[in-house]
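Asker: Residue numbers (the working numbering), protein chains in the order written: chain L, 1 to 468; chain A, 1 to 374.
Because the hints were derived from the structure by calculation, they are not lab data. Bear in mind that the values here come from a model prediction, so they are computed numbers and not experimental data. Be careful, since some hints might not be right.
The calculated lysine to any residue pairs, modelled on SDA-like cross-linking and capped at a C-alpha distance of 20 angstroms, are [unchecked claim]:
| # | chain 1 | residue 1 | chain 2 | residue 2 |
| --- | --- | --- | --- | --- |
| 1 | L | 218 | A | 225 |
| 2 | L | 205 | A | 217 |
| 3 | A | 323 | L | 140 |
| 4 | A | 114 | L | 79 |
| 5 | A | 323 | L | 145 |
| 6 | A | 127 | L | 142 |
| 7 | A | 114 | L | 192 |
| 8 | L | 423 | A | 114 |
| 9 | A | 342 | L | 142 |
| 10 | L | 218 | L | 229 |
| 11 | A | 114 | L | 137 |
| 12 | L | 303 | L | 256 |
| 13 | L | 192 | A | 113 |
| 14 | A | 114 | L | 383 |
| 15 | L | 335 | L | 223 |
| 16 | A | 323 | L | 310 |
| 17 | A | 115 | L | 385 |
| 18 | L | 189 | A | 337 |
| 19 | A | 115 | L | 161 |
| 20 | A | 14 | A | 85 |
| 21 | L | 205 | A | 225 |
| 22 | A | 323 | L | 161 |
| 23 | A | 127 | L | 223 |
| 24 | L | 205 | A | 131 |
| 25 | L | 192 | A | 217 |
| 26 | L | 189 | A | 62 |
| 27 | A | 182 | A | 120 |
| 28 | A | 217 | A | 1 |
| 29 | A | 127 | L | 256 |
| 30 | L | 192 | A | 225 |
| 31 | A | 323 | L | 205 |
| 32 | A | 127 | L | 130 |
| 33 | L | 423 | A | 217 |
| 34 | L | 161 | L | 210 |
| 35 | L | 205 | A | 119 |
Covered by chain L, per the in silico footprint, the following chain A stretches (three or more residues, Cβ under 8 angstroms) [claimed, not checked]:
| # | segment |
| --- | --- |
| 36 | 36-50 |
| 37 | 56-70 |
| 38 | 80-92 |
| 39 | 112-123 |
| 40 | 168-180 |
Glycine residues also receive a C-beta, built at the ideal position from the N, C-alpha and C atoms.
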Amino acid sequence: MKISDLKDTAVTSGYKMLNLMAITKMGIKHGPFDLIRDIRRYPWLLDLAKVNRLVTKLSRSRRGNYRKAVGMVLHGIVKEMVHQIEGIFHRQEKLVLHEDMVPPEILRAMGLSPWMPEMLGILLPMIVPNVMEEYIDAAENEGIPADVCSLPKTVIGLTVKDRLPYAKAVVTSNLPCDGGMSSYIYVEKQLKAPVFRLDIPHHFKDERAEVYFSGELKRMIAWLEEHTTGRMDWNLLQEICEERNRMMDYELQLWEMIAARPAPLAADAVYLSHLWFYNVCSGLKSSTEVFRRLVMLAEENLKNGVAAVPDEKYRALLWNPPTMHVIDLFAIAEKRYGVTCIMDSMSFNRLPFIDTSSRESMLQGIGRYIMNGPMARHTRGPMENYFDDIFYIIKRFGIDMLWMAGHIGCKNTQALNNIMREKCRAEGIPVLIIDYDLADPRITSREGIFLQVDHFMENVMKAERRFL
Amino acid sequence: MTAIDSELKILLEKPLNHLVERAINEGMIPIGYACSMVPEALISVGKLFPVSMRAPGSEGTEMADLYLSSVICTYARSLLEFALDDRYKFLGGYVFTAGCDHLRRLHDNLDYLKKPGFSYILDIPHKTGGAALEWTIEEITRLASALEKQFDTDMSRESINKAIEKTNALNRALSAIGTLRKSKHPPFTGTQYHRLIMASRVSPAEYMMPLIEKFRKTAEDSEGRSEYRARLMITGSGLDDPEYTNIIESQGALVVADRYCSGSFPGLEPLDSSSNPFEALARRTLEVTRCPRMMEGFNSRAEYIAQIAEEYSADGVIIESIKFCDTWGLESAALTDQLRAKGIPVLRVEREYRQSGEGQLRTRVQAFIESIGH
């Protein structure tokens, strides 16, 4: 065994140890009896506790700073998840459920404890791939059509099975799709909590959309002040937005570096960090710190001429959310074919900063980033948003191929697949559309997904397959 | 009733019927629309007239499936297929709404594959209230300007109010006939009324009025129907094929109320033509259509259905939704529970846009009628 291998093993073991410590500390703080009671109420807690499986899955094929980055991002997620769970245990009087396209920054600035139900449908299948099946089945047994996106179905299933925390209020929106929007009928019915619904216009690039949506945010704040103990602290919101801007600044630096060929960091280190720290806990110092250290690791690799993927052959753009129950898709593809995921549709955004000069500008800035968020811009609004982004990213990051995570429940993107194929063909960009379901491995198994990858790489790209 | 019914049937056989053809020959311009949230009165101004987009006799969606995929609802796919076959060439343009994911992507694909001379997508908020109303007024005002520019049509308030009056007259006439279904022995079947409503949605109002009047007179002279086993209400997503109602009625039911896009509930209520027409149209779009794509108001939508069922003495409600329709798919699951909790028998069915699974539907309706004790 080489010294570098020993170092890598030590890095992963270190992060695993830190994860275990954070989880154990949470359990001790909660007390054994309360913990047992809550594990019975929220059995998914035990699945989350298996997070080190995910660390192993994503680390074993990575080396050096890339492995360090993956471990650090996952540890950051564990720490924040622990904090979120403590919100259920200790801050229930402030707990507000919010759908994934509702800005948690505002809730935090109001002294509330945000909890995103979709977070479970995203995080759990990464750790235990088939864990959401029982919730999907529960939703379908309630009469929810099988063709509805599995993410809202997991939320409905968790609701029906009474596995979501009781909240003082619920805030949701018409994003990202009709299925997601309508799923909150069930959350409302089951939790019997008051619900506020944010409305985001279709023509969101129109100036009046900004005014309309910031008005919606103001109405949400007033509603929350009426229905919860939360009070808006504008100074705190300013601090949160400024912190978010700092984090974004680091992310832009990171993007600058990964545009280099070969990229110094890639795949999960880039997209999991954005997926979690932007959507769940942006504006926290700890989140900015993760990005600062990612930049340092990337810088070091660049300086030393070290590539994240030692023989980077193909640079891929991942479109749609990552394949959650096969989260190591790129970890395997890197080894097997030298495919490196450089950028993804969930991370990429064009309006990074929030103007913090006034209350109005902050709300407009938050509104703008929500309306221009990937799941908003690409699933609502006209198709130009979609294709403009694809071809901009391809050019900006030197992309060789597009991998479309063709989640069967995402009707918005399914209905654009053929236009995408034709446009990419015209530009000479090979496209792989992976047919699968976001949270349900029974639709396409792990093997089925890799079979599609192998067929594409071997038949279209004529790539040589390396057996692991 | 048979003679007028046959006349209506002919109007529904293809998108370009003889009344539309006549109107075009006289210099009128048909504007296609595919959502009940589109303010029909606005596309009835001057020489414009609305035509609800349908795909009668659709036999498959092979080309549309390639673009829209097989997980988009078959209504959207059928429209795209017809557009690709040049079956809507006679239309002067389209007005869509960002009503649901399926219609938005239909609009995107149409723009890419077969861009018409005029194509507009109305951005309707997903909730009601002051800000949403203001937004919708602005949207409708913008659509009016675009129509004025494209078709050189006078879109002054007076002209729009005149069009509102014309639409009101048509809707009042349809509504007056519709209320005859409250009677214990209605003089026509649900299928016949469905044909009347649909023919009115695909033909110019001026030419439809005499037919509506003929229908009314015939109904007045007809004997009431007593040979039915159960009175049913149909609710759900867009249903523009009266043959579907016919299959239900073939099992001994009488369809007495129709609460779906393109049905008579809601939508036939008269609009205020005396004030700001843009506001009247916006209020209709936001507050009257009661589509489940609106995020709020689930309870009031359920109440509305229960109220209509009671008013029309329906023995049960059939909730139909087109396969892959997310908003109706999710709404109908919750609606089923809510209506059953009120003691209303419910049959929930998924269907395709074009006629299919006829035998299955017959069996389910038979079983439903038996289960409600008739």
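Asker: Does each hint hold? Answer for all of them.
Answerer: So, going through the hints one by one against the coordinates:
1. L/218 - A/225: Distance of about 56 angstroms is beyond 20 angstroms: violated.
2. L/205 - A/217: violated, 53 angstroms
3. A/323 - L/140: holds, 14 angstroms
4. A/114 - L/79: Distance ~52 angstroms between residue 114 of chain A and residue 79 of chain L Cα, so the pair is violated.
5. A/323 - L/145: Holds. Residue 323 of chain A to residue 145 of chain L sits at ~8 angstroms (cutoff 20 angstroms).
6. A/127 - L/142: Cα-Cα ~26 angstroms, so violated.
7. A/114 - L/192: Violated - the C-alpha atoms of residue 192 of chain L and residue 114 of chain A are around 47 angstroms apart, more than 20 angstroms.
8. L/423 - A/114: holds, 16 angstroms
9. A/342 - L/142: holds, 18 angstroms
10. L/218 - L/229: holds, 17 angstroms
11. A/114 - L/137: Given pair residue 114 of chain A, residue 137 of chain L is violated - Cα atoms ~40 angstroms apart, limit 20 angstroms.
12. L/303 - L/256: holds, 14 angstroms
13. L/192 - A/113: Status violated; Cα separation ~46 angstroms.
14. A/114 - L/383: holds, 15 angstroms
15. L/335 - L/223: Given that 20 angstroms is the threshold and the Cα spacing comes to 51 angstroms, the pair is violated.
16. A/323 - L/310: Distance of about 48 angstroms is beyond 20 angstroms: violated.
17. A/115 - L/385: holds, 18 angstroms
18. L/189 - A/337: This hinted pair holds, its Cα atoms lying about 11 angstroms apart.
19. A/115 - L/161: violated, 47 angstroms
20. A/14 - A/85: holds, 13 angstroms
21. L/205 - A/225: violated, 56 angstroms
22. A/323 - L/161: Given pair residue 323 of chain A, residue 161 of chain L is violated - Cα atoms ~26 angstroms apart, limit 20 angstroms.
23. A/127 - L/223: Judged against 20 angstroms, a Cα distance of about 15 angstroms means the pair holds.
24. L/205 - A/131: The given pair, whose Cα atoms are some 18 angstroms apart, holds under the 20 angstroms limit.
25. L/192 - A/217: Violated. Residue 192 of chain L to residue 217 of chain A sits at ~52 angstroms, over the 20 angstroms cutoff.
26. L/189 - A/62: violated, 40 angstroms
27. A/182 - A/120: violated, 39 angstroms
28. A/217 - A/1: Given pair residue 217 of chain A, residue 1 of chain A holds - Cα atoms ~9 angstroms apart, limit 20 angstroms.
29. A/127 - L/256: Given pair residue 127 of chain A, residue 256 of chain L is violated - Cα atoms ~41 angstroms apart, limit 20 angstroms.
30. L/192 - A/225: With Cα atoms ~46 angstroms apart, residue 192 of chain L and residue 225 of chain A exceed 20 angstroms; violated.
31. A/323 - L/205: violated, 32 angstroms
32. A/127 - L/130: Roughly 36 angstroms between the alpha carbons, so the hint for residue 127 of chain A and residue 130 of chain L is violated.
33. L/423 - A/217: Given pair residue 423 of chain L, residue 217 of chain A is violated - Cα atoms ~57 angstroms apart, limit 20 angstroms.
34. L/161 - L/210: Judged against 20 angstroms, a Cα distance of about 38 angstroms means the pair is violated.
35. L/205 - A/119: holds, 19 angstroms
36. 36-50: violated (count 0)
37. 56-70: Contact hint for the segment 56-70 of chain A vs chain L: holds, 4 residues under 8 angstroms.
38. 80-92: It is violated: at least three residues are needed, and the segment 80-92 of chain A offers just 0 whose Cβ sits closer than 8 angstroms to chain L.
39. 112-123: Holds, because 3 residues of the segment 112-123 of chain A bring their Cβ atoms closer than 8 angstroms to Cβ atoms of chain L.
40. 168-180: violated (count 0)
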